[in-house]
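Enquirer: So you can see what is in the structure, the chains are spelled out below.
Protein chains: 2
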Amino acid sequence: MADFPRRVHIHEEGPREGFQIEQGPIATADKVRFIEALAGTGVAEVQCVSFVDPKRVPQMADAEEVARAIQRREGVRYTGLWLNLRGMQRARKTPLDIGGQVGLSASESFSVRNNGKDTEGLLAAHRQTLDYLVENDIPLVSGIVTTAFGCNLEGAIPVERVVQQAERLLAVVGEYGMKLPVLRLADTVGWANPQAIAAVVGAVRERWPEQRIGLHLHDTRGTAMANALMGLQMGVDTFDSACGGLGGCPFAGHAGAAGNICTEDLAFLCEEMGIATGIDLEALVECARLAESIVGHPLPGKLMRGGTLARFRH
Amino acid sequence: MADFPRRVHIHEEGPREGFQIEQGPIATADKVRFIEALAGTGVAEVQCVSFVDPKRVPQMADAEEVARAIQRREGVRYTGLWLNLRGMQRARKTPLDIGGQVGLSASESFSVRNNGKDTEGLLAAHRQTLDYLVENDIPLVSGIVTTAFGCNLEGAIPVERVVQQAERLLAVVGEYGMKLPVLRLADTVGWANPQAIAAVVGAVRERWPEQRIGLHLHDTRGTAMANALMGLQMGVDTFDSACGGLGGCPFAGHAGAAGNICTEDLAFLCEEMGIATGIDLEALVECARLAESIVGHPLPGKLMRGGTLARFRH
Numbered sequence: 001m002a003d004f005p006r007r008v009h010i011h012e013e014g015p016r017e018g019f020q021i022e023q024g025p026i027a028t029a030d031k032v033r034f035i036e037a038l039a040g041t042g043v044a045e046v047q048c049v050s051f052v053d054p055k056r057v058p059q060m061a062d063a064e065e066v067a068r069a070i071q072r073r074e075g076v077r078y079t080g081l082w083l084n085l086r087g088m089q090r091a092r093k094t095p096l097d098i099g100g101q102v103g104l105s106a107s108e109s110f111s112v113r114n115n116g117k118d119t120e121g122l123l124a125a126h127r128q129t130l131d132y133l134v135e136n137d138i139p140l141v142s143g144i145v146t147t148a149f150g151c152n153l154e155g156a157i158p159v160e161r162v163v164q165q166a167e168r169l170l171a172v173v174g175e176y177g178m179k180l181p182v183l184r185l186a187d188t189v190g191w192a193n194p195q196a197i198a199a200v201v202g203a204v205r206e207r208w209p210e211q212r213i214g215l216h217l218h219d220t221r222g223t224a225m226a227n228a229l230m231g232l233q234m235g236v237d238t239f240d241s242a243c244g245g246l247g248g249c250p251f252a253g254h255a256g257a258a259g260n261i262c263t264e265d266l267a268f269l270c271e272e273m274g275i276a277t278g279i280d281l282e283a284l285v286e287c288a289r290l291a292e293s294i295v296g297h298p299l300p301g302k303l304m305r306g307g308t309l310a311r312f313r314h
Numbered sequence: 001m002a003d004f005p006r007r008v009h010i011h012e013e014g015p016r017e018g019f020q021i022e023q024g025p026i027a028t029a030d031k032v033r034f035i036e037a038l039a040g041t042g043v044a045e046v047q048c049v050s051f052v053d054p055k056r057v058p059q060m061a062d063a064e065e066v067a068r069a070i071q072r073r074e075g076v077r078y079t080g081l082w083l084n085l086r087g088m089q090r091a092r093k094t095p096l097d098i099g100g101q102v103g104l105s106a107s108e109s110f111s112v113r114n115n116g117k118d119t120e121g122l123l124a125a126h127r128q129t130l131d132y133l134v135e136n137d138i139p140l141v142s143g144i145v146t147t148a149f150g151c152n153l154e155g156a157i158p159v160e161r162v163v164q165q166a167e168r169l170l171a172v173v174g175e176y177g178m179k180l181p182v183l184r185l186a187d188t189v190g191w192a193n194p195q196a197i198a199a200v201v202g203a204v205r206e207r208w209p210e211q212r213i214g215l216h217l218h219d220t221r222g223t224a225m226a227n228a229l230m231g232l233q234m235g236v237d238t239f240d241s242a243c244g245g246l247g248g249c250p251f252a253g254h255a256g257a258a259g260n261i262c263t264e265d266l267a268f269l270c271e272e273m274g275i276a277t278g279i280d281l282e283a284l285v286e287c288a289r290l291a292e293s294i295v296g297h298p299l300p301g302k303l304m305r306g307g308t309l310a311r312f313r314h
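Read top to bottom, the protein sequences are chains A and B. Residues 1 to 314 in our numbering are what the first sequence lists, from first letter to last. Residues 1 to 314 in our numbering are what the second sequence lists, from first letter to last.
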């Protein structure tokens, strides 16, 4: 337990990854209201929208409108997702805090399906992006290895493959004299178990002891909180999550995919163990209820129903 | 990770603790069907009913009928819950496998509310039960300390208090020359976090190194799977759980209490880490779907929606 971080950094992805998978249209005003409520909870970063092809992801067709309507709050980063240089250029025209990102999938099949490019294709695209970052003096904010714990198309993913993809990401940014402020390992389709978390995080840490590692977890099979605990035990201090447990990946190739790890449940777990999140849990529970009312169906988060323990403590 | 048990023993409590909290009446035949399906999954023990006052728990008014209707399967223990000697005598008249149980709450207020007796009153009742066990040559099967991680009425529970109550249980059974085959620590109202699991299990283990310890976990605030992982890391090899995540405690004093830790999600977590459960996960997922159709509302279990990984593995 000595390895628990003292503080964790939570990147709230509900408005983007969460809303993205919802079938029904969500009003721009509701998206903005939710983002503003989240930004008021103390969460450090909110991923607001994705700048992707509206034909593939109709829910994100109003990305620019959402980005421009947000009443910004000081101290909060408002992020967005994009998959290629064109998406980034779109994103940069909005008031969002758009930094450089690079990513590879540990599964070639998933890479082609999700990004339309294999590893070589993505690395070529990343060089274009990195050129653009240098030309425009834009900081690199993160790198991600997706399907790092398994893939519905390719099955189990060897640990060495994740290390190899991390190495390629670090090498390509290294060509530009850059480092990855955080290397995120994503359990994109909910395959991870705590032993796999320990193995993959351990292998990456052993190879690059100074590299900050983040986890992007899904609760597809109920293991997300156990996986997060193992991450914390391994010293991971950066997590992507979604308020209310919103989310899922529309291209993951299986129906009924449960959402991202639930932000308020994760923050509760941390706070109960004395790990600071900077988050007002009661305010975040209110956000989860707001999310439920916006999407119009129950969300899987537990804390929003069980309530925090504050009212019972003497 | 070296401390993980090689095999865990799961006591399925869905038919009792799960159905008990359901508002609508559940047909006796549905209860029997669910119990028989569970017994076909490889789970070692199924808690079928409770022998309690039908005025307090109307759902269990047909306990005898259920117990007698079950088509028994060899190798499975069919257990029941009872709170006093009279309940045990009722239970003993059925074909269920009724052994002796003793329990105390770590919270006096919860004890009085849930059992109508404080610690002294329960110990006096346990002596009556233990006399009866000796007279009738009935084995003692378990002891339990409830609200071992916190209580909605009394708030935080000091670790020393749990050790004290465990000591009283072990002392009273010791008076009869008996031991507890398993000492179960219950997070009755969903207060536990992994650090508390480590502290309480660690304190009990330190005091009685040879005592087998079980965990009874609730997922009220989303921490159950992380708590189970910590239990496994501490070498705990016995868990109570409920298929589909059924459950909750009707006397716990808060609405919206989430259920017990979900059996199939827990079994999946174990199996993915190479810890044997003896359970056929696909069959158990079918049971969870059956439970959902019986109670007529969605249950919180995740694996029943995400599916196991078997079909994706090459």
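Quick caveat, the hints were computed from the structure, so don't treat them as lab data. This one's a predicted model, so the numbers in the text were calculated from it and none came from an experiment. Any given hint could be a false lead.
What the hints assert, rightly or not - Residues on chain B that point at chain A, a partial pick, calculated with CB under 7 Å:
#, residue
1, W82
2, G155
3, G190
4, N193
5, Q195
6, T220
7, R221
8, L269
9, E271
10, G306
11, F312
12, R313
To be verified - From chain A, some residues computed to sit far from chain B (all C-beta separations above 12 Å):
#, residue
13, R72
14, N115
15, N136
16, V141
17, N152
18, V163
19, G174
20, A203
21, L232
22, G235
23, G259
24, E264
25, D265
26, I275
27, A276
28, P298
Cβ atoms here follow ideal geometry from the backbone N, Cα and C, with glycine treated the same way.
Enquirer: Hint by hint, say whether it matches the structure.
Expert: These are the hints, each one checked on the structure:
1. Residue-level restraint check for B/W82 is violated (minimum Cβ-Cβ distance to chain A is 28 Å; threshold 7 Å).
2. Taking 7 Å as the C-beta cut-off, the interface hint given for B/G155 holds, the closest approach to chain A being about 5 Å.
3. Nearest Cβ of chain A to the Cβ of B/G190: about 6 Å, under the 7 Å cut. The hint holds.
4. The beta carbon of B/N193 is positioned within 7 Å of a beta carbon in chain A (closest approach about 4 Å), and the interface hint is therefore held.
5. Checking B/Q195 against chain A: minimum C-beta separation of about 4 Å stays under 7 Å; hint holds.
6. The closest approach between the C-beta of B/T220 and any C-beta of chain A is roughly 4 Å, which is under the 7 Å cut-off, so the hint is satisfied.
7. Contact between B/R221 and chain A, as hinted, is supported at the beta carbon level, the nearest pair being about 4 Å apart and thus within 7 Å.
8. Interface hint status for B/L269: upheld, as the beta-carbon distance to the closest one in chain A is roughly 5 Å, under 7 Å.
9. The beta carbon of B/E271 comes no nearer than 9 Å to any beta carbon in chain A, farther than 7 Å, and the hint placing it at the interface is violated.
10. The beta carbon of B/G306 comes within 4 Å of a beta carbon in chain A, closer than 7 Å, and the hint placing it at the interface holds.
11. For B/F312, the shortest C-beta to C-beta distance to chain A is roughly 5 Å, which falls under 7 Å, so the interface hint holds.
12. Here the hint on B/R313 is kept, as its CB sits about 5 Å from the closest CB of chain A, short of 7 Å.
13. With a least CB separation of 30 Å from chain B, A/R72 remains clear of the 12 Å interface cut-off, as annotated.
14. Annotated as non-interface, A/N115 keeps its C-beta farther than 12 Å from every C-beta of chain B; the closest such distance is 20 Å.
15. With a cut of 12 Å on Cβ distances, A/N136 stays outside the contact zone with chain B, its closest approach being about 41 Å.
16. Every Cβ of chain B is farther than 12 Å from the Cβ of A/V141; the closest lies at roughly 28 Å, confirming the non-interface assignment.
17. Not every Cβ of chain B is farther than 12 Å from the Cβ of A/N152; the closest lies at roughly 5 Å, contradicting the non-interface assignment.
18. Separation of A/V163 from chain B is adequate, the least Cβ-Cβ distance of about 20 Å exceeding the 12 Å criterion.
19. Interface exclusion of A/G174 from chain B stands, the closest Cβ pair being 33 Å apart, more than 12 Å.
20. For A/A203, the condition that its CB be more than 12 Å from all CB atoms of chain B holds, with the nearest at approximately 14 Å.
21. Against the 12 Å criterion, A/L232 falls within the reach of chain B, whose nearest CB is about 9 Å from its own CB.
22. Every Cβ of chain B is farther than 12 Å from the Cβ of A/G235; the closest lies at roughly 15 Å, confirming the non-interface assignment.
23. Its beta-carbon lying about 10 Å from the closest one in chain B, A/G259 breaks the requirement of being farther than 12 Å from that chain.
24. With 12 Å as the threshold on Cβ separation, the claim that A/E264 sits away from chain B is violated: the shortest Cβ distance comes to roughly 8 Å.
25. A/D265, annotated as away from the interface, has a beta carbon of chain B within 12 Å; the closest lies near 3 Å.
26. Against chain B, the non-interface label of A/I275 is violated: not every CB pair exceeds 12 Å, the least being about 9 Å.
27. The claim that A/A276 is not at the interface with chain B holds, since no C-beta of that chain comes within 12 Å of its own (minimum 14 Å).
28. For A/P298, the shortest C-beta to C-beta distance to chain B comes to about 7 Å, within the 12 Å cut-off, and the non-interface label is violated.
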